[in-house]
Amino acid sequence: VQNDSVFINVPFDRRYKKLFDALVFAVHDCGFVARGAREEDDGSQVRLDKIYDIIEECRFGIHDLSRVTLDSRYRLPRFNMPLELGIFLGAKRYGGAAQAGKSCLVLDRDPYRVKIFCSDIGGQDIRAHGNDARQAVRAVREWLRTTSRRTGVRGPTDMGNRYIQFRMELPAICRAARLDLGDLSFLDYRTIIDEWVQAHQ
Amino acid sequence: MQKRTSVARHKPSSISRTEARKAVLGVKSSRASGARKTATKSKSATPSIIERYLGHFGVGSSPAVAKRGSGAKKAGTAKKSALAKKPAGGKRASAKKVSSTRSLRRAS
Numbered sequence: 008v009q010n011d012s013v014f015i016n017v018p019f020d021r022r023y024k025k026l027f028d029a030l031v032f033a034v035h036d037c038g039f040v041a042r043g044a045r046e047e048d049d050g051s052q053v054r055l056d057k058i059y060d061i062i063e064e065c066r067f068g069i070h071d072l073s074r075v076t077l078d079s080r081y082r083l084p085r086f087n088m089p090l091e092l093g094i095f096l097g098a099k100r101y102g103g104a105a106q107a108g109k110s111c112l113v114l115d116r117d118p119y120r121v122k123i124f125c126s127d128i129g130g131q132d133i134r135a136h137g138n139d140a141r142q143a144v145r146a147v148r149e150w151l152r153t154t155s156r157r158t159g160v161r162g163p164t165d166m167g168n169r170y171i172q173f174r175m176e177l178p179a180i181c182r183a184a185r186l187d188l189g190d191l192s193f194l195d196y197r198t199i200i201d202e203w204v205q206a207h208q
Numbered sequence: 300m301q302k303r304t305s306v307a308r309h310k311p312s313s314i315s316r317t318e319a320r321k322a323v324l325g326v327k328s329s330r331a332s333g334a335r336k337t338a339t340k341s342k343s344a345t346p347s348i349i350e351r352y353l354g355h356f357g358v359g360s361s362p363a364v365a366k367r368g369s370g371a372k373k374a375g376t377a378k379k380s381a382l383a384k385k386p387a388g389g390k391r392a393s394a395k396k397v398s399s400t401r402s403l404r405r406a407s
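Top line first, the protein sequences correspond to chains L and P.
When we follow this note's numbering, the leftmost residue of the first sequence carries the number 8, and every step to the right adds one.
When we follow this note's numbering, the leftmost residue of the second sequence carries the number 300, and every step to the right adds one.
Since the hints were made in silico from the structure, they are not lab data.
Each hint should be verified, as a subset may be incorrect.
What the hints assert, rightly or not - Lysine-lysine pairs mimicking BS3-like chemistry, simulated, CA-CA at most 30 Å apart: (1) K327/P to K99/L; (2) K57/L to K25/L; (3) K24/L to K327/P; (4) K57/L to K109/L; (5) K25/L to K327/P; (6) K24/L to K109/L; (7) K122/L to K99/L; (8) K24/L to K321/P.
Unchecked claim - Using C-beta positions, here's what the derived DEER-type ranges look like: (9) S328/P to P84/L: 16 to 22 Å; (10) I348/P to G108/L: 38 to 44 Å; (11) I348/P to D190/L: 52 to 58 Å; (12) K327/P to F124/L: 42 to 48 Å; (13) V53/L to G333/P: 45 to 51 Å; (14) S51/L to I349/P: 39 to 45 Å; (15) A331/P to P84/L: 44 to 50 Å; (16) G333/P to D165/L: 18 to 24 Å; (17) T164/L to S332/P: 42 to 48 Å; (18) G325/P to V53/L: 23 to 29 Å; (19) I349/P to L55/L: 23 to 29 Å.
What the hints assert, rightly or not - Which bits of chain L does chain P cover? Going by a derived footprint, with three or more residues having C-beta under 8 Å, they are: (20) 75-86; (21) 89-103; (22) 118-128; (23) 194-207.
The beta carbon of each residue, even a glycine, is placed where N, CA and C say it ideally should be.
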């Protein structure tokens, strides 16, 4: 288990990209490394196996359940995120001493919705972000600082300002690196963030 | 601040860390020199930029955003649509009509 790795279990679609991008930055600005199913590009590996591997390696996990809503076409909810949360909780419970130190943050649109569709985790502390990236970043920052007991983590306002600065510089960075901003892979985005954070300490 | 661990020991990306560092430092230095030249005109984050990157996301809307945003927007669009419904030259068209009937009367 890597003590600085944070498994990010959030929706990957276009609508949630704003949150995803902000969360990855917040995790790195707190001094951690964001991990997710998108970092693996091995077509021969079963997707769930990739997720098992990443969860096993991560001490921390951020799980956003706000997308567990009825699909307009099939009238069924997407259950990938609750499933991955379940795997994370199972690893913590049954994974032995190495996995027992795992800690996770459960996010949703409002704090009481989870208790309706997944009452078994109703006893856990659910943090509401109200579909606002600023609130989500603040929740992640506070949770990481508290649970890891790290010192020197920036304040939420400073972190937000730094993220805006980073986003304003990102198009130029992509041009300089000959990358397409609209088609930036998770790994490239993460590498750029890591270098940016180190250069702007 | 505690010593950060690097992502280098995780999966490699298509861009190398050296390339990424070069690009980041290049942009940083160019922005710094640009800011020195135009100290008063340095580009700052406007509320719309902040909202674009750190604001509301996803489906539906938070109550706060619904109160602030959509109400004003609706009022604005209602005004615009009301204006759009009026004929292109509203008063002028009717005035022309009147003047043309007057001229006809005079002629008769």
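Okay, the hints, checked on the actual structure:
no.: 1; hint: K327/P to K99/L; in the structure: 42 Å, violated
no.: 2; hint: K57/L to K25/L; in the structure: 24 Å, holds
no.: 3; hint: K24/L to K327/P; in the structure: 25 Å, holds
no.: 4; hint: K57/L to K109/L; in the structure: 18 Å, holds
no.: 5; hint: K25/L to K327/P; in the structure: 23 Å, holds
no.: 6; hint: K24/L to K109/L; in the structure: 26 Å, holds
no.: 7; hint: K122/L to K99/L; in the structure: 21 Å, holds
no.: 8; hint: K24/L to K321/P; in the structure: 26 Å, holds
no.: 9; hint: S328/P to P84/L: 16 to 22 Å; in the structure: 49 Å, violated
no.: 10; hint: I348/P to G108/L: 38 to 44 Å; in the structure: 39 Å, holds
no.: 11; hint: I348/P to D190/L: 52 to 58 Å; in the structure: 22 Å, violated
no.: 12; hint: K327/P to F124/L: 42 to 48 Å; in the structure: 46 Å, holds
no.: 13; hint: V53/L to G333/P: 45 to 51 Å; in the structure: 49 Å, holds
no.: 14; hint: S51/L to I349/P: 39 to 45 Å; in the structure: 43 Å, holds
no.: 15; hint: A331/P to P84/L: 44 to 50 Å; in the structure: 49 Å, holds
no.: 16; hint: G333/P to D165/L: 18 to 24 Å; in the structure: 23 Å, holds
no.: 17; hint: T164/L to S332/P: 42 to 48 Å; in the structure: 27 Å, violated
no.: 18; hint: G325/P to V53/L: 23 to 29 Å; in the structure: 41 Å, violated
no.: 19; hint: I349/P to L55/L: 23 to 29 Å; in the structure: 38 Å, violated
no.: 20; hint: 75-86; in the structure: violated (count 1)
no.: 21; hint: 89-103; in the structure: violated (count 0)
no.: 22; hint: 118-128; in the structure: violated (count 0)
no.: 23; hint: 194-207; in the structure: holds (count 12)
This entry does not satisfy hints 1, 9, 11, 17, 18, 19, 20, 21, 22, going by the numbered hints stated previously.
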